[in-house]
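With the hints as constraints, model all of the structure from the sequences given.
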Amino acid sequence: MSEPRRIAVSRDEDVVVARQIGRALATEIGFKGSDLTLIATAISEVARNIVVYAKHGDITLDIVEDRGRRGVCVVARDEGPGIPDVEKAMRDGFSTGGSLGLGLPGARRLMDDFEIVSQVGVGTTVTMRKWTTRS
Amino acid sequence: MTNERSESEDGAVALEMGLNEQSIERRHKAVTLLPEDLARIARIREAVARRAEEFGKSFFDYLAGLDDARDFMRNAEAVHRARQLKIEHLAAMVGGNYGMEYALQRLKLARVYSRAGLETRIFLGAFHHLLRLVGTAILKSARSPEEAFEDFMALKKVAFFDIGIIVDVMVFERERVIRRQQEAIRELTTPVLQIRDRLLMLPIIGTIDTHRARMLTEGLLHSIRVNRAKVVVMDVTGVAAVDTKVANHLLQTVAASRLMGAMVIVTGLSAEVSQTLVNLGVDLAGLRTIGDLQGGIEEAEQLLGYQMSRIDRPKVAGVLSPSN
Amino acid sequence: MSVPILRQGDVLIASIQVAQTDEDLRGLRDQLATEVGSQRAKGVIIDVTALDVMDSFATRTLRAIAYSSRLRGAHTVVVGIQPDVAFAMVQLGLDLGAVSTALDLDDAIDELRARRSEESRA
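Chains as they are written, first to last, in the numbering used here: chain A, 3 to 137; chain B, 600 to 923; chain C, -9 to 112.
Hints listed in this document are in silico derivations from the structure and should not be mistaken for laboratory results. A couple of the hints might just be wrong.
Said to hold, decoys possible - Derived, one-sided and incomplete: chain A residues facing chain C with beta-carbon distance under 8 Å:
no., residue
1, Arg7
2, Ser12
3, Ala26
4, Thr29
5, Gly35
6, Ala42
7, Thr43
8, Glu47
9, Gly108
10, Asp114
11, Gln121
As the list claims (entries may be wrong) - Over the 12 Å line for every Cβ pair with chain B, so calculated as not near, a few chain C residues:
no., residue
12, Arg(-3)
13, Asp94
14, Glu108
Because the structure is a prediction, the values reported are computed rather than measured. C-beta: ideal position from N, C-alpha, C; glycine also.
Right under this line is the structure:
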């Protein structure tokens, strides 16, 4: 069984590394072509948020299991400024930093499970999971 | 399928099924396998292990007597492999170690059953028969009926642990076959047709759920690349019910196609349905629609620079109307 | 790792490689902003065939490039978005807005040519 992979994220390059490792891990458990792109894209979004807003943080990638299904779990953690109004941030189109927002509502659409905990002055943790389909 | 290849697949199946250290521990908990049970099993180990071959044989004799197991019993290679594994199983069952290796051993045998088409209920019948024999052996070697009962109950926990894994594997394998068949059927029912150079047609028939919408979209996008399509005529005349969800799937397909440089013309969307969708808040503004399929194809051909002209002397008789 | 930019007539062609970072894309944006002007380019083609992920930043940057090129009189076409990537973009809710897209370089060049003749007629 593979161990969880933790990737420190503080530079642009780390965003690329995180999504490449995410893609590799997802391939390991049998995700197919387009799902791999969805997962890599979601990771790219949350990783970038860390670089842009929190300056540094980490992303932990793990294989998870639930009632016979396998899945990939992505936890993006930072000790950045935090998001004052999470609900607003999760609404499409909202942005402080650019024309397409924090990418969080988009990432949520790409993944199956999505949880976000954020506190101003403390930091933000985004947990996302995607499951392989079992018929 | 040769033994070597199928066995390296065992690991992959285990992975896909989620059979790992953690899940095995949860299975132990599910049958409440306790240290005292292990102690009891250790006590009966000798009595059971020395008759493993005999027990294994009776398992297959039982199957041989069942009409429903005839096909399985005729599969010489499978039966031979299963016999080998069965004897190992019985010894391991009282061996005291019920971790990953033990579980994989069960998985391996279950896959042999599954590949040879042995049905779950048949397996369970034979397994039950086997347990009775084992129980009788335990009764004979115990100091008292009460002790025999307790020892047997301890072993039954392991037996149920085994059944859990074996049945789950057999079901999983069967579902895998069904899934593959379903995919094949789906592919057949969502054909993308190339009707001209750079022009694709996608007739959509039936109901569209999220899963099918995704298959359609992905299929179309790959076809666009392979066929270098510039225009796609997507006909929804045959779609059962175009509600807002279906409409949004269509819009997404159109948007994704556009990203690949292909324009999509939607045909078969009646004015009434379009109006209803707009009233329900669906933004059809960017959608290029033509009422009927023929019109859509003509539009597409024009966009691609094809010109249709009538020849004076058609080859098929009766085409010219009296007025020509 | 900067993005290589080729010139074909009055068209600039930039091919984005696989593991491009945000910084590389920003660099491309700035480089094109300069070159479109200095080369008097009429068209810009950005080839993203090798991109395995097109996220909000990449999309934003492509739109910015198209906008700034437009200001300098050049039209931008993005080519080579792969099927899986197109699907993911749409799921993510990204769109390239008014930026043109084409399947490959040949189509992009045809498109630029068609546009030019249209514009000269206008």
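To see whether the hints hold, each was checked on the structure:
Because the beta carbon of A/Arg7 sits about 18 Å from the nearest beta carbon in chain C, more than 8 Å, this interface hint is broken. Given the 8 Å rule on beta carbons, the hint for A/Ser12 is violated: about 13 Å separates it from the nearest Cβ of chain C. Restraint check, A/Ala26 versus chain C: the minimum CB separation of about 12 Å is more than 8 Å; hint violated. This hint is violated: A/Thr29 has a C-beta 12 Å from the nearest C-beta of chain C, more than the 8 Å allowed.
For the restraint placing A/Gly35 at the interface with chain C, the shortest Cβ-Cβ distance is roughly 5 Å, inside the 8 Å limit, so the hint holds. Hint status for A/Ala42: holds, given a least beta-carbon distance of 5 Å to chain C, under 8 Å. The interface hint given for A/Thr43 is met, as the beta carbon of that residue sits about 5 Å from the closest beta carbon of chain C, less than 8 Å. Checking A/Glu47 against chain C by beta carbon gives a least distance of about 6 Å; that is within 8 Å, so the hint holds.
The interface hint given for A/Gly108 holds, since its Cβ lies 4 Å from the closest Cβ of chain C, which is under the 8 Å cut-off. Evaluation of the A/Asp114 hint against chain C yields a violated restraint, the C-beta minimum of about 12 Å exceeding 8 Å. With its C-beta approaching chain C no nearer than about 24 Å, A/Gln121 sits outside the 8 Å limit, and its interface hint is violated. Once the 12 Å rule is applied to beta carbons, C/Arg(-3) is consistent with being away from chain B; the minimum gap is 22 Å.
Once the 12 Å rule is applied to beta carbons, C/Asp94 is inconsistent with being away from chain B; the minimum gap is 8 Å. Once the 12 Å rule is applied to beta carbons, C/Glu108 is consistent with being away from chain B; the minimum gap is 15 Å.
Going through the hint list in order, the structure does not satisfy hints 1, 2, 3, 4, 10, 11 and 13.
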